[in-house]
Amino acid sequence: MRHRRFDYRRIPGAAYILVAQVIIFGLIDGRWLSPANLLNVAYQMAPLLAVSVGATVVILTEGIDLSPGGIIGLAGVVAAMVLQSDMGIGLSILSGLATGAAIGALNGLVITVGGIPPFVATLGTLGITQGVGLVLTQGASVAGLSSDFQYIGQGIIGLPVNFWIALAVMALFMVILKRTSFGTYVYAMGGNREATAYAGINVKGNLTLVYTIGGLLSGVAAILMAAHDNAAHPRFAVGIEFDAIAAVILGGTTFDKGRGGLWGTLVGVATIAFLRNGLNFSGMHATWQIPVIGIVIIGAIAVNEMMQRSLAREVV
Amino acid sequence: MIDIRQLLFSLSRVLALLVLCAAVAVVAPAFLSSQNLVNVLRQASLMIILATGLTAVILTGGIDLSVASLLALAACFSGMLMTEGIPWYLAALAALGLTTFCGLINGLMIAVVRLPAFIVTYGMLWIAQGFAVLVASSEVFYGFPPPFLFLGRGYLFGIPMPIVFMTLVAAAAWTLLHRTPLGREIYAMGANPDAARLSGIDVKTNLIKVYTASGFLAGLAGLILTARMNAASAEVSADQLLPAVAAVVIGGTSLFGGEGGIRGTVVGSLIMTVLINGMNLLNISPFWQLTAQGTVVIVAVLLDQGARALERRGEKRRPKVGSRPEASVGLPVEPTSAVSN
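Residue numbers (my numbering), protein chains in the order written: chain V, 3 to 318; chain H, -2 to 338.
No lab work stands behind these hints: they were computed from the structure. For glycine and all other residues, C-beta sits at the position ideal for the given N, C-alpha and C. Only true hints are included.
Derived CB-CB ranges, DEER-like:
1. N42/V / E81/H: 36 to 42 Å
2. L307/H / N282/V: 53 to 59 Å
3. H175/H / G207/V: 39 to 45 Å
4. N194/V / V35/H: 50 to 56 Å
5. R309/H / S87/V: 48 to 54 Å
6. V137/H / S87/V: 37 to 43 Å
7. W290/V / P143/H: 33 to 39 Å
8. H287/V / G151/H: 37 to 43 Å
9. D191/H / G207/V: 25 to 31 Å
10. S87/V / V296/H: 31 to 37 Å
11. T202/H / L174/V: 43 to 49 Å
Required output: the full structure, derived from the provided sequences and hints.
Below is the structure:
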């Protein structure tokens, strides 16, 4: 077991950025910390949190999933289309989740059975899912969803309903990662995949399951997003995987040695959500935001990585 | 001694290209018109220039996901500068300088900070894309000075300029990879990063060079594309990344590094261009094309892996220097940074 003592480098990089943001954006405009705006951030956070939980599991195995942006588009479109053809909300949600899980499983199979590097396999499915989504909708939005479906994305029970759902997903996977043998395998596969295989653990099967989970949680995010927007579009989540990967890494999950976990990811997701919201709030033009956010994220990841490495050098 | 199996291996790709051309010609006879064929070659030239940098990167066991966005950035930045009245050669140089700088940043982050290549270049993808959108501010630049247009539309001794550029780039890359110490080191780094480092190869500097070159070539492709279209917008990048990766992989360069080369990439680029051209001639919706490109990338890597597995079976007796134990077990290997230790 690792013994934990306090060290500033142990705190995920995201926490520092989050504090800095609260100070900076709070000084720029005090209303930023108003309950109304915080509620707004919670709405925006929910889909990203669901995707990031999946990304955490994938990255813990030293993998990567670039396909959530495409999967969410396709799953959202499928769920919305099922809903509009009067097949009921239950079937709609199920179809969205199933679409996500199916594509995730495809990712997993291509990676484990085909032996393809994850970033290429998932880059391929990113294109495929976007393409299929666009073909299904002819590039249009599927808008106007039933009110009970919208409740998932817009309702409030203290906090937004979609945020509760995302938190529940996170809690579920905290238990899975910490309390099930599958969770142990996830960390083991990231720590030393060869040793895991030699220990008699079915690496291919478990890894396929990991990517299936990634797809399934993209499906969850798709439902949350479609319900919030009252519409789905094949490209309405383009780039979300970058936010998710950034949230995971800033949250302290590392790309090697299978270290990290979901608490850090929650902080990372909050950081990204507050960053986007704060830039909006400070009146920065939307076109400026994309490169600025990219630079901030990559810069933060670099600093975070260097901190982790200096830590790793001391603690052997 | 000529390695017969390797010869067949490389010929199989040329054969695939010829079969593909014949098939496209049958379903779309317009394919064979001389105008269309020259068009295909021009199109392929751009892809080859883009894919050449990518090939060098992949040979080191890395990846550059930012090439298409850097292409768009060069297009938009040079377009904006020329529209502002800056002389074309300064605009072109500035755009090339900018994408080269972005490549340098990629290289530094990967070699010095030691972040995984796909994270850094994926971040750069969004940063460059963001800047391209910002610079273009959703307008399309057009109407550039004739000397600039010459880069994409002109002829040198009757050969279209993009093809001239492509030939120069491919020849230079081939020479670099096969006739210089740097080239050997690139292969060595990809085949076995630890061995390369331990045998005294300056892995860091080489990685920085390779990613910088990739940024430069992406910028060059962006300039030629802008000159050919006589227009620049941030939209151009969307459809370039998947085909470029596919071209490299189809060309036989292993995503795990250390195997492959420029000749294969040239053939792979031609295959991808003919495929796209054929789909265009058949009026297939661009939405389906995206799906097709994604499928081609995955299938190409699968086939490549299969062929390699067969090849390995044939030479079990003499294990290659670069072969990795994980690969033979069939487990995915993460070709992250080539300097992992």
